[in-house]
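The listed protein sequences derive, respectively, from chains A and B. For the first sequence, position 626 (counting from the first letter as 1) is numbered 626 according to the UniProt record's numbering, and the numbering increases by one without interruption. For the second sequence, position 567 (counting from the first letter as 1) is numbered 567 according to the UniProt record's numbering, and the numbering increases by one without interruption.
Hint data in this document are derived by calculation from the structure and do not stem from the laboratory. It is possible that some hints are incorrect.
Pairs count within a copy or across copies, as identical chains cannot be separated in the list.
Once the Cα atoms are required to be at most 25 Å apart in a straight line, the calculated DSS-like pairs of lysine-lysine come out as [to be verified]:
no., residue 1, residue 2
1, K606, K85
2, K595, K478
3, K33, K56
4, K660, K56
5, K660, K126
6, K472, K207
7, K7, K33
Protein chains: 2
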Amino acid sequence: MSLQAPKDMAAERAAAEFNIEALARFWAGGDKKYELQKKAYEIIKDDPELVLQSPKNFLEISRAEMREFTMCEIHRVIQIFLSGKYDKELAYEIARCTNQYNESFSMRFFVHDSLFRNVVNMLGNKEQQDKWNDDIDNYRIFGCFAMTELGHSSALRDLETVATYDANSDEFVIESPTITSTKWYIGAASQTATHTVVISQTVINGKNVGLNWFVVQLREKTSGKTMPGVIVGDIGSKVGHQGVDNGWIQFRQLRIPRSNMLAKWVSLDRDGTFHPAPNPAVMYATLIPERLSLLIVTTQMISQALNIATRYGVVRRQGPKNQQIMDYQSHYVKLIPAISFMYMMQSASTDINDNFDVLTSGGKIDDPLVYLNHMGEMHAVSASIKGLSGWYASDILETCRRCCGGHAYSAYNAIGHITNDWGVMTTGGGDNVVLLQQAARLLLYRLEQKLEFDDYPDLKFKSSSHYIADAKRLLALKNWNVTDVNLCARDPSLVEEALNAILVKRLNSINESLKNGSSHNDLLLESVRVAELHCATYIFSVNVTKFGLPQAPANIEKSVYAIMQRLTILWGLHTLHTYSDQGFKEGFLAPQQIKDIEKLYLEINKSLRSQVIGLTDAWGFPDFVLKAPIAKYDGDIYQTYFETLLTAPNSTGVPAYHDKYIKPLTEREAKK
Amino acid sequence: MSLQAPKDMAAERAAAEFNIEALARFWAGGDKKYELQKKAYEIIKDDPELVLQSPKNFLEISRAEMREFTMCEIHRVIQIFLSGKYDKELAYEIARCTNQYNESFSMRFFVHDSLFRNVVNMLGNKEQQDKWNDDIDNYRIFGCFAMTELGHSSALRDLETVATYDANSDEFVIESPTITSTKWYIGAASQTATHTVVISQTVINGKNVGLNWFVVQLREKTSGKTMPGVIVGDIGSKVGHQGVDNGWIQFRQLRIPRSNMLAKWVSLDRDGTFHPAPNPAVMYATLIPERLSLLIVTTQMISQALNIATRYGVVRRQGPKNQQIMDYQSHYVKLIPAISFMYMMQSASTDINDNFDVLTSGGKIDDPLVYLNHMGEMHAVSASIKGLSGWYASDILETCRRCCGGHAYSAYNAIGHITNDWGVMTTGGGDNVVLLQQAARLLLYRLEQKLEFDDYPDLKFKSSSHYIADAKRLLALKNWNVTDVNLCARDPSLVEEALNAILVKRLNSINESLKNGSSHNDLLLESVRVAELHCATYIFSVNVTKFGLPQAPANIEKSVYAIMQRLTILWGLHTLHTYSDQGFKEGFLAPQQIKDIEKLYLEINKSLRSQVIGLTDAWGFPDFVLKAPIAKYDGDIYQTYFETLLTAPNSTGVPAYHDKYIKPLTEREAKK
């Protein structure tokens with residue numbers, strides 16, 4: 001049995017119908033990035049300040065240890081950045097690879113390096129950027145992002161923190177007026193941050209002029225002691241991310257200079273004259289990059305769980321014929337679409353980030369209206385993708401857990417840890433229901449207003465809802481006109497057409513219901529489901545554009561292009577199969593078509609069964625990143641798993657409490 | 001805001017259209033049980049050996065502390081049992097209420113009190129029962145249940161542990177021949193148990209006569225030291241159940257007397273003549289009660305999470321109209337069917353346990369064939385209900401988590417803890433896919449063989465697949481003949497008929513596919529889904545029998561009966577809505593019917609929106625059992641939540657590592 005496992009693993013690896021290394025290079029983003037990644041993993045592997053060294057087990061340490069170790073990693077990475085020992089790209093790659101190893105590091109570092117930095121740069125004016133950026137870039141300060149409050153989260157409008165302008169002293173006075181106004185769950189606030197940006201109601205001359213962002217110093221830089229007027233505490237134990245010091249903050253008549261109000265879009269004169277933003281929506285733009293970063297986090301975290309479940313699935317044998325458990329339909333039909341999703345997300349991610357560059361510096365949009373149009377589109381895409389991928393990723397993690405049976409219940413096999421870290425992604429950064437509903441509203445509005453509209457002429461990139469331009473024709477289709485569903489295996493445009501038609505029909509039905517008096521709330525679940533379908537279709541379309549060509553472009557290895565084509569088709573069918581209820585409800589898909597879609601979907605999954613090890617190997621995670629003994633690259637899992645247990649604290653021997661609670665019972669003699 | 005919350009809670013409570021206390025008495029199983037429960041909660045509440053007292057927080061303590069505290073609880077409960085201080089029923093209720101408080105206690109105690117005891121009594125002969133039962137009943141020994149191995153779980157056939165009969169010494173020699181044969185994940189093995197039952201291949205005169213169960217002493221009773229030939233260790237950190245000492249066991253030429261082989265159904269003569277069981281299936285009967293116990297665990301654990309999410313849902317306000325979040329369709333349509341499921345499971349549980357009594361002592365079945373028929377039925381019911389409820393419960397927990405937003409990510413709000421404890425229920429005690437497939441196979445077989453069969457004359461209770469007796473008629477129905485779907489709101493038999501028809505049609509289609517050459521594996525996911533539907537329908541039917549009468553029976557309070565009727569209807573529609581794909585695949589449900597079902601389903605959910613607090617209050621959990629500050633009975637959640645954080649270790653102040661990792665960076669001066 002234990003000899004069989006490495007043999008099975010080797011056979012699976014040999015079965016790949018593509019060049020695994022070529023796919024790995026493609027996944028990494030090219031040869032250069034691939035080489036950098038290899039080098040970075042080599043460097044961090046033996047660095048005890050970046051990767052816990054045996055016999056310490058990352059999946060075993062306490063909250064206090066996780067906190068300290070995560071800060072140790074941050075300190076070490078910054079040391080590497082500042083020392084110039086490695087060139088800049090490699091140094092950055094070291095940080096990225098440390099992200100893979102410890103999601104708490106990723107999140108805690110991200111709070112300063114992305115959230116805080118983004119707010120200062122997207123909402124601060126030139127002087128403010130100049131004032132803060134040098135300290136931010138050189139890590140002489142650490143920032144955090146004080147948005148949510150104990151009683152309020154995504155609905156920013158209801159936030160209670162108040163900044164009142166005191167014209168006498170030219171200062172703002174920040175106050176937390178109630179317990180529910182306590183800034184809550186603020187990453188890096190309780191131990192790391194010296195500074196924060198705070199979003200707050202802004203009162204000027206007795207009038208609330210709305211929400212603004214302020215820069216506030218929380219702590220003295222040298223002693224780490226809190227500043228007067230700042231009360232900070234720790235959120236305590238969380239489901240995951242124990243390495244991140246999430247905190248709460250209360251302000252008591254804290255005074256900051258007027259110039260700490262971020263003033264790219266708004267401004268306040270010395271005399272108290274307030275100049276509001278051209279459109280309040282620009283203030284929310286900072287939330288988009290946070291959501292986009294989730295694309296990367298998804299592929300980074302979920303792919304690890306998939307890697308673990310896949311490797312275990314091919315070496316574990318069980319059942320009447322002692323077969324590999326991966327051979328069960330229940331296994332591979334759950335795992336393969338999820339693996340495909342990782343690849344689809346990777347492509348979509350490039351597309352979305354390119355579009356986001358248009359919105360920020362890259363595209364140089366100075367007209368606020370055009371800017372807002374682009375932002376609406378980015379908002380819809382980022383909101384729906386956060387919703388879809390956040391939820392689907394939760395499902396995938398649960399699938400991975402179940403696929404590993406009892407062994408996933410061991411903390412040492414990492415899936416539990418990943419799942420617990422993931423949790424926050426589905427509720428943080430905007431509730432998924434709300435985000436999907438917002439995306440749906442935009443789609444409903446576009447369909448309602450622009451049936452005749454030929455795309456969005458202002459947009460500098462293809463809209464995710466481009467199919468609405470084709471609404472009239474799609475609505476007129478009574479049934480899906482494909483009688484031989486098997487054609488979809490070679491022609492993704494057939495699937496795309498079906499998905500677009502279903503989308504337009506569902507959106508139209510919801511608009512009809514609204515006209516007939518239903519409330520948005522009565523249609524909430526339907527709207528959310530349509531927004532999910534919209535997003536899954538968008539991801540499919542992006543990949544069809546890239547991988548739907550008859551021949552591989554010159555810059556992609558042929559076998560890589562071929563497998564990406566197969567994964568794209570699979571994703572399209574997965575979407576059509578998963579949302580076939582939407583097609584049936586509209587009378588667009590007939591029962592036989594639904595059966596045929598299912599049949600083809602199952603067949604394509606089966607045809608990819610033998611490719612699972614190659615597909616997951618290409619993600620390039622070393623064993624020390626995956627951590628799980630049941631996911632060892634060489635397949636020799638059982639011995640390693642057993643040895644892991646032997647190094648655990650108190651793994652053998654009589655427990656200290658034996659004399660207190662067990663012996664008094666067991667030493668009694670039976671009455672004769 | 002913080003004053004609003006208790007007002008909201010009070011208003012929700014007042015809105016109950018039934019007598020909440022009457023429902024609570026009904027839920028508890030009658031007045032007597034209700035009073036006992038109240039008394040037991042009062043007793044354990046202030047007992048520091050059963051319930052951790054403030055400022056210690058159960059959701060904060062380390063694995064080592066959980067281990068010791070859980071054993072402390074077991075010791076205390078046994079002390080109460082033995083002392084005679086309370087009468088027997090109350091003492092038992094104290095144990096049951098401690099189960100609610102700490103699932104690790106429940107599981108660790110259950111291993112001895114149920115698993116070990118059951119094997120000895122279901123598989124041991126009279127002398128063996130006499131030999132062990134007095135020590136078992138008086139807790140002079142603690143037993144565990146050594147079944148699964150590192151390399152093998154539900155497929156018992158492949159277990160590798162070997163017991164070889166040595167006729168010279170009249171002993172068995174037990175050996176773990178490989179690393180994969182290590183008994184793995186054995187609850188209570190690593191610290192608690194003095195004894196275990198072991199399932200092992202049995203070799204007699206050089207021939208493997210199959211699997212048998214043996215009683216083995218693991219430890220010296222007084223010192224707790226392991227016996228010669230026994231090596232035991234701990235599984236280490238797990239996703240949940242940290243209070244249970246799951247262990248691994250290896251045997252090295254361990255010798256036990258022949259009389260330790262459990263011999264109710266098999267026996268071995270002194271000369272080595274082996275008398276096998278009349279049917280090997282009787283050896284597996286012990287697994288059924290384990291699955292049935294899951295029914296209770298489900299209502300016990302999942303209802304707590306639902307209670308938390310429901311209470312938070314009515315006091316949290318958010319959104320454009322600052323409404324209670326429970327008012328969002330996405331909230332109540334997810335929570336209410338889950339609440340209904342708790343009530344449905346409670347009824348089904350009574351039904352199943354009554355049937356199981358027929359199988360064991362109560363029914364006195366001596367004919368092995370009749371016994372096996374009953375066991376087949378019990379197996380199908382217990383397997384499919386474990387599958388359906390195990391998975392649905394996971395979904396419910398995820399729903400509860402999402403419904404509480406970021407606050408569910410705090411360990412102190414308990415949902416994470418419940419989820420982590422729950423994990424093992426979906427993979428332990430038989431993999432859900434395998435169990436549901438087994439149930440499906442039985443259904444397929446029955447349909448195939450017995451189209452003309454009028455029920456199962458041998459059965460002493462109504463079979464869960466009674467509808468197969470009606471297969472001919474159901475198969476002949478082309479469409480669902482209900483044009484006014486709203487009638488279903490008053491006539492559950494319409495829904496039952498639809499579900500039965502869909503079941504028979506789906507089973508028939510799968511049988512056809514098998515005949516046309518598809519393998520069972522190619523139909524695995526379809527089979528699993530049908531088995532889920534079978535189980536959901538069975539639960540519905542049991543409740544229709546109880547609550548489908550035009551008038552409440554005399555022994556049930558009228559308002560209680562009325563709400564149970566509404567919950568039953570809701571469950572039926574939930575099932576029809578959830579599995580509507582099964583109906584449209586068969587062409588049995590038309591698009592318009594599916595829309596109408598959805599509409600009615602949503603309406604009934606809406607009509608129950610105002611009842612959620614009453615429905616969850618009736619479960620009777622005191623605040624100290626729920627633990628979550630956001631679920632406080634009086635609705636005053638924010639102050640309590642905040643205070644909980646203040647008592648957490650290191651909740652304020654500069655962390656010890658500040659000088660090491662933060663100060664060296666932040667104290668640097670910017671270059672001028």
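Hint by hint, here is what the structure shows:
1. Taking the shortest Cα distances, K606 and K85 never come within 25 Å of each other, neither inside one copy (49 Å) nor across copies (64 Å).
2. For the homomeric pair K595 and K478, the shortest alpha-carbon distances inside one copy (19 Å) and between copies (18 Å) are both at most 25 Å.
3. When the C-alpha separation of K33 and K56 is checked against a cutoff of 25 Å, the pair qualifies neither within a copy, at 30 Å, nor between copies, at 50 Å.
4. Taking the closest pair of Cα atoms, K660 and K56 come within 25 Å of each other only across two copies (20 Å); inside a single copy the shortest separation is 30 Å, beyond that limit.
5. Taking the shortest Cα distances, K660 and K126 never come within 25 Å of each other, neither inside one copy (68 Å) nor across copies (34 Å).
6. In the homo-oligomer, the alpha carbons of K472 and K207 never lie at most 25 Å apart, since the shortest distance is 48 Å inside one protomer and 76 Å across protomers.
7. For the identical chains of this complex, K7 and K33 are neighbours neither inside a copy (31 Å) nor across copies (58 Å), given an alpha-carbon limit of 25 Å.
Checked against the numbered hints given earlier, this structure breaks hints 1, 3, 5, 6 and 7; the rest are met.
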